[in-house]
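Colleague: If you want the building blocks of each chain, they are given just below.
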Amino acid sequence: MLLHVNPASGVPTYLQIETQVKHYIAAGALAPGDALPSVRKLAADLRISTNTVARAYQNLERDGVLRTVQGGRTYVAENPGSFLKSERIRRLRPYARQIVVEGTQLRLDPHEIMELVQQELDALEEVNERYGDLDRKSR
Amino acid sequence: MNDMAIWTENLVKLYPGVRAVDGLNLNVPRGVAYGFLGRNGAGKTSTIRILLGLARPTEGRGRVLGFSVGREQVAILERTAYVSESKALYGSLTPRELVRFTRGFYPNWSDEAAAKYSRMFEIPMDRPFAKLSQGNRTKVYLLLALSQGADLLLLDEPATGLDPVVLDEFLRILVQDVIAEGRTVFISSHQLSDVEQIADWIGLIDYGKLLLEARLDDIKSQFRLVTVAGNGLPQTESPEVLLLASEGNFHKYLVKKNADAFAAELSRQGATVAEVSPLGLREIFLALVRKEDPCTSGNAGEMAAPVSSFLS
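Protein chains in written order, with the numbering used here: chain A, 1 to 139; chain B, 1 to 312.
Excised from the complex, chain B in its bound form (with noise of 0.2 Å):
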């Protein structure tokens, strides 16, 4: 557990009448760019607080870069770069005092790095954070993250107001001189396609617990959406299959692992095997999801319009 970038076993925050974080259990590895996916309001943001020490945890426990959370906080922020979901800094300092006022509690700062990225960001240096664009505090944060010198990055949502062009030399800039490296990247988002792109890891994450974690490319290979027609197939549903939807004699299963080896037990009694077919990560997600939703799981017929008229 020690040699992963994040662990934590069992982790729940709750607050009044919500269960923000309700039992995760992350792993992490270190040298990958960990895409944690969820809908708003899921219990991303509250996880990233409770491994910076921003919260404490109800129950649980965590190590990041194999320091205790809550022990050893003051390791932790030393070697950990954070970009806040809100984007709020000191909104009368301009973004060059921030770089002075920030550089002074990281050991391995480096300000060439931080002149490179204003340049490259075109960053406007002088003028009050409270008075730049969205898209400008956004870059601000990006810069003081990526001069700190991190073995670790948590970003939460950092996209937000990046325009495309920002965004995609930002993705090089995380490729080519965080991962490259063999830093760790940890990127919070509710927009798939923002991530899909550049993680290796994903964990989706959902009502505080996580529905997923692996590699994005194993998940892949192996999920696959089996749709077959025949009567009195099986309802039941296995940690590796998930019926999805069912209309009429058509039912669709979302099945995680070796789906050729289901499809043919479904031929051997009886039913006609349409389609075997592979899923992009935003279809598992939108399946899962809706699967774990309480208000909709168990009642397949209910679910049955939107399912298939997104995977269709």
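Only chain A is shown next, with the shape it has when bound in the complex (with noise of 0.2 Å):
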């Protein structure tokens, strides 16, 4: 797995970490099931305290986008959104008003934002779309 952090920018390193996991399960590049590399694997690739991974793995495992078994494997989980939704919608909410708050200061209209939007969720639909060939052909 390709994770990349950089210690000299103001994002907490298990932060980091959290987003790049959570990008490549949404990008369908990690699938319900897969493994990731231990801690201790992770930690001297990067380079980083195993602590700072640790800490990212329980936070991604509270959140029920990974689940540790016994022995300490770690993997994605089968169903990540297994939330209510309504609890869903509140961790997306301040993501949606950063979005609106820069779009306005940018001067761009609510149409524009709503399209940027769009072509976001296209974007990885179709990422989506090309692992999930690469899943078939492999098999």
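No lab work stands behind these hints, which were simulated from the structure alone. Possibly wrong hints are sitting among the right ones.
[What the hints assert, rightly or not] When the alpha-carbon atoms are kept at most 30 Å apart in a straight line, the in silico DSS-like pairs for lysine-lysine are as follows:
1. B/Lys257 with A/Lys22
2. B/Lys209 with A/Lys22
3. B/Lys209 with B/Lys256
4. A/Lys41 with A/Lys22
5. A/Lys85 with A/Lys41
6. A/Lys41 with B/Lys116
7. B/Lys257 with B/Lys209
8. B/Lys131 with B/Lys116
Each of the two chains sits in its own frame; use the hints to bring them together as a complex.
Modeller: In structure tokens:
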């Protein structure tokens, strides 16, 4: 798994890992049941403390994104979206607000902002389809 | 306090004319990678020398791995590996002889580890230490420290003379062979970039005092730079809010906690909040050190230029 962290950024390192894992799952590069590298392996690869990787994995587990089985191996959870819809919406709302504030400040009209979101959704779907094809071919 | 890898209370070290360490309270949890950061002369090396029993504190006390500094020094030294800032060893001995000399002092010494690291670091094992380059001297020191099976590694400027490839390899070894095993690494440095990648805890020291000690990711998720415009804004500071700079109606605050609440309060007072943005460790370090500097503190106008130039 190709994760990358930038220690000099103001974003906490564990959050950088969480965001990237979620992105890989959303894009279909990681599928339910896929194994993640061990805490020790990922920490050594990234040259960061094992405590930091453990924190990221714990948070992802708490959010229902990953699950750790006995023996310590960590996998992508079978149904990452198992939260109630109201909870999922609550978590996304701050990002929606940020898009609206930034978009308005950049003097984009509502239609243009919506268009932008739609383009990102389309791009994600395209990536998803491509990984789906690869998956089918490899089986 | 005994479950800490390092704990000190009101540690003071006076040298003629200098308060090298000035009431230092350290709390280093076990199993973390702790970056002990400060500029040259801040008191980092003096602190480490006290912890190792190489210097006697003028005041205060401390514990290392639960053992009392000064009174139980042998127990501390058996369990602690030390890489000194000067990287000076017996010049006429070769690395191979230094290994043979050192191993007897440490009950948990591993010959396999020593052989592994000498290969990894490509150390010329049969050339006298005095004839080695600075980088190779540092590598010999790291080899000796890593092979001791120590519970705590005290590394004083461990990156001296290492090229980026060897430094990267050293960081990988520290994570894999030391931190992943639950052992503690205490790295002192004035080079933030060497440390901020691997460290999960940070202590900032300046003029012998600790300015900040916390988990690095917690610092990053809480500290914010708040830029506002408005008249008659609070010049007063609290432990959680530092006024970094003022230029006309513009003010920059470093807020250590609850930045959004602080920004909302300023908005209620009629100010325009331009930005609430996260900060890197480098920016936080410079802001805190400049703030504590007796030459500049209490003079926001004089600080405005340098602070705004590195924050912008």
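Colleague: Each hint: holds or not?
Modeller: Taking the hints in turn, this is what the structure says about them:
1. With a C-alpha separation of about 27 Å, the suggested pair B/Lys257 and A/Lys22 falls inside the 30 Å cut-off, and the hint holds.
2. Proposed proximity of B/Lys209 and A/Lys22 is contradicted: the alpha carbons are some 41 Å apart, above 30 Å.
3. For the proposed pair B/Lys209 and B/Lys256, the alpha carbon gap of about 18 Å is at most 30 Å, so the pair holds.
4. Pair hint A/Lys41 plus A/Lys22 holds up; C-alpha atoms about 19 Å apart against a cutoff of 30 Å.
5. The straight-line distance between the Cα atoms of A/Lys85 and A/Lys41 is roughly 35 Å, outside the 30 Å bound, and the hint therefore fails.
6. Restraint check for A/Lys41 and B/Lys116: the C-alpha separation of about 19 Å stays at or below 30 Å, so the hint holds.
7. Between B/Lys257 and B/Lys209, the direct Cα distance comes to roughly 21 Å. Compliance with the 30 Å bound is thereby established for this hinted pair.
8. The hinted pair formed by B/Lys131 and B/Lys116 meets the criterion: a straight-line CA distance of about 23 Å does not exceed 30 Å.
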